[in-house]
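**Student:** First to last, the sequence lines map onto chains P and H. For what it's worth, our numbering labels the leading residue of the first sequence as 11, then goes sequentially. For what it's worth, our numbering labels the leading residue of the second sequence as 7, then goes sequentially.
Note that these hints are calculated values from the structure, not bench results. By construction, the Cβ of each residue, glycine as well, lies at the ideal position given by its N, Cα and C atoms. Some hints here could point you the wrong way.
Stated by the list, open to error - Pair ranges (Cβ atoms, derived):
(1) Lys247(P) x Asn70(H): 31 to 39 Å
(2) His211(P) x Thr34(H): 26 to 34 Å
(3) Thr110(H) x Glu197(P): 23 to 31 Å
(4) Asn53(P) x Gly119(H): 41 to 49 Å
(5) Ser136(H) x Thr213(P): 53 to 61 Å
(6) Arg206(P) x Thr110(H): 27 to 35 Å
(7) Pro241(P) x Thr110(H): 53 to 61 Å
(8) Phe200(H) x Asp135(P): 25 to 33 Å
(9) Asp116(H) x Lys212(P): 34 to 42 Å
Below are the chains, spelled out letter by letter.
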Amino acid sequence: MPIKRKILLLTTFLFTVSVAGSQESKQGNDQRLVIEGGIFLPNATLYDDIAIRQNPMGDSWTSSDNGTVSFSSAGLMLGARWKWQNSATGWGVSIGMRTKAIYNEIAGNYAQNTDYFYLRYYSSDVDRSTKFARIKDIGEVLLILSVPIEGHYTFLHRNVFDAFITLGADIGYVFLRDMDINFRNAEMQQYESMVRKALEHKTDDFYGSTYGALGVAVGASRNLVFELCLPGFLLSKKYFELGTASYFTTVRFSLQIPIVKSQQP
Amino acid sequence: MRTNIFFASIILASFIACSKMDEYNMMTSIFVEDPDYPGLPQYSEWGYNTFGAYIDRVAFVSTNQQIPGKVVVRNDTLQLILKGNYNGELTTMIFMLGGHNPRTYSDLIDLNGDTIDLKRDPCAVQFITSRDTFNFQIIEGEIFFKKVQRLYVDEEEIKCIVSGYFHLKTFMKKEPIAISQGRFDLGIGYDNFFNLSLK
Numbered sequence: 011m012p013i014k015r016k017i018l019l020l021t022t023f024l025f026t027v028s029v030a031g032s033q034e035s036k037q038g039n040d041q042r043l044v045i046e047g048g049i050f051l052p053n054a055t056l057y058d059d060i061a062i063r064q065n066p067m068g069d070s071w072t073s074s075d076n077g078t079v080s081f082s083s084a085g086l087m088l089g090a091r092w093k094w095q096n097s098a099t100g101w102g103v104s105i106g107m108r109t110k111a112i113y114n115e116i117a118g119n120y121a122q123n124t125d126y127f128y129l130r131y132y133s134s135d136v137d138r139s140t141k142f143a144r145i146k147d148i149g150e151v152l153l154i155l156s157v158p159i160e161g162h163y164t165f166l167h168r169n170v171f172d173a174f175i176t177l178g179a180d181i182g183y184v185f186l187r188d189m190d191i192n193f194r195n196a197e198m199q200q201y202e203s204m205v206r207k208a209l210e211h212k213t214d215d216f217y218g219s220t221y222g223a224l225g226v227a228v229g230a231s232r233n234l235v236f237e238l239c240l241p242g243f244l245l246s247k248k249y250f251e252l253g254t255a256s257y258f259t260t261v262r263f264s265l266q267i268p269i270v271k272s273q274q275p
Numbered sequence: 007m008r009t010n011i012f013f014a015s016i017i018l019a020s021f022i023a024c025s026k027m028d029e030y031n032m033m034t035s036i037f038v039e040d041p042d043y044p045g046l047p048q049y050s051e052w053g054y055n056t057f058g059a060y061i062d063r064v065a066f067v068s069t070n071q072q073i074p075g076k077v078v079v080r081n082d083t084l085q086l087i088l089k090g091n092y093n094g095e096l097t098t099m100i101f102m103l104g105g106h107n108p109r110t111y112s113d114l115i116d117l118n119g120d121t122i123d124l125k126r127d128p129c130a131v132q133f134i135t136s137r138d139t140f141n142f143q144i145i146e147g148e149i150f151f152k153k154v155q156r157l158y159v160d161e162e163e164i165k166c167i168v169s170g171y172f173h174l175k176t177f178m179k180k181e182p183i184a185i186s187q188g189r190f191d192l193g194i195g196y197d198n199f200f201n202l203s204l205k
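Please take these sequences and the hints and turn them into a complete structure.
**Tutor:** If you want it as structure tokens, here you go:
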């Protein structure tokens, strides 16, 4: 099923749940402000067409795969949601705002003397020349602002914790995108625009994802929440300029502050 | 004052050390094995300083211990010298290509796209093992310089990357043999280019 249709179905499902929840029982309806923070880990892989020359690694001259560079992608997220929770049925829904800061990095191999790698940024059959730049690392930063909508179902109540599942969708926009190239030779800074051109890839600024998560709420009023999202699906593979990602994992911590608490029957 | 000189010396020494390391990295071989032809390096145009060919079924391949390729120009003849491992011993194959007289390694780009017929053109191929020297009588064969390009690192020209293919049929100890799937990707620069015709 196409991912756009998945998001549409999920969003429809979440609204249905929230409406059904509010119709079903006015009693037991809580409203909470959820302050959340977490780690966002896309399964990003480096674009194959970024022309990085292999460097020798260690004494093994047959070692070449990923021998020269490491590529990492990780992010932090921060957000706030308004959550309606029906303690009688266990169903809940939340909507809010979320920011994600994602940092991707290509770094040279620090294991040997080479703390840099060679990036080919120019190759021409006309003047028959190939140009490499020695680069220590390339960092890409994205800031994404999004609106998450989530449905929750608490399936286990215990004295010390509640366990619940979450289904969510996140729609947003990449409002800041930047890249920093750290050259080995500072004089190469004047060629940064040429090097950046060699890294250029088409990117999508409209962000979308769907995800499922398993969580536990602890505390007397269940106000501390830990969630593990595995996996999440990205709407597009082209959010990054350095690599491509389809999936992600998140680890999320939330603080739920009760705002409206209905009277118990 | 002495302290300043001391620190300046350390900084200078570290810069010198770094530049030597850079040269070293471009000189060292990077062997990416060809999945279709086990034992041979994959064809590349990156200046990985490797070559390889099958001599009948046995691989003749560059090693990391020896400089795999040298170019020597003498008497209007360009010698492309490939030094590697064949049957567990150090072996050299020399392509002597007449009518080519590059003055510097930079002039090697004139070979770009050239296919040289080893039987018809003024050429010779020599094969030297620790025990024998063979002056091949070529049945048929070609060397193809698919891409020859100047290599710049941080906008400074440091080498010429010479990449291509070769194959030939010849005799070794009166037995016909085929040298097939030959490929090379060599960085030729100050350390492995010699023009002995210059006065």
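**Student:** Failing hints, ascending?
**Tutor:** No hint contradicted; all consistent.
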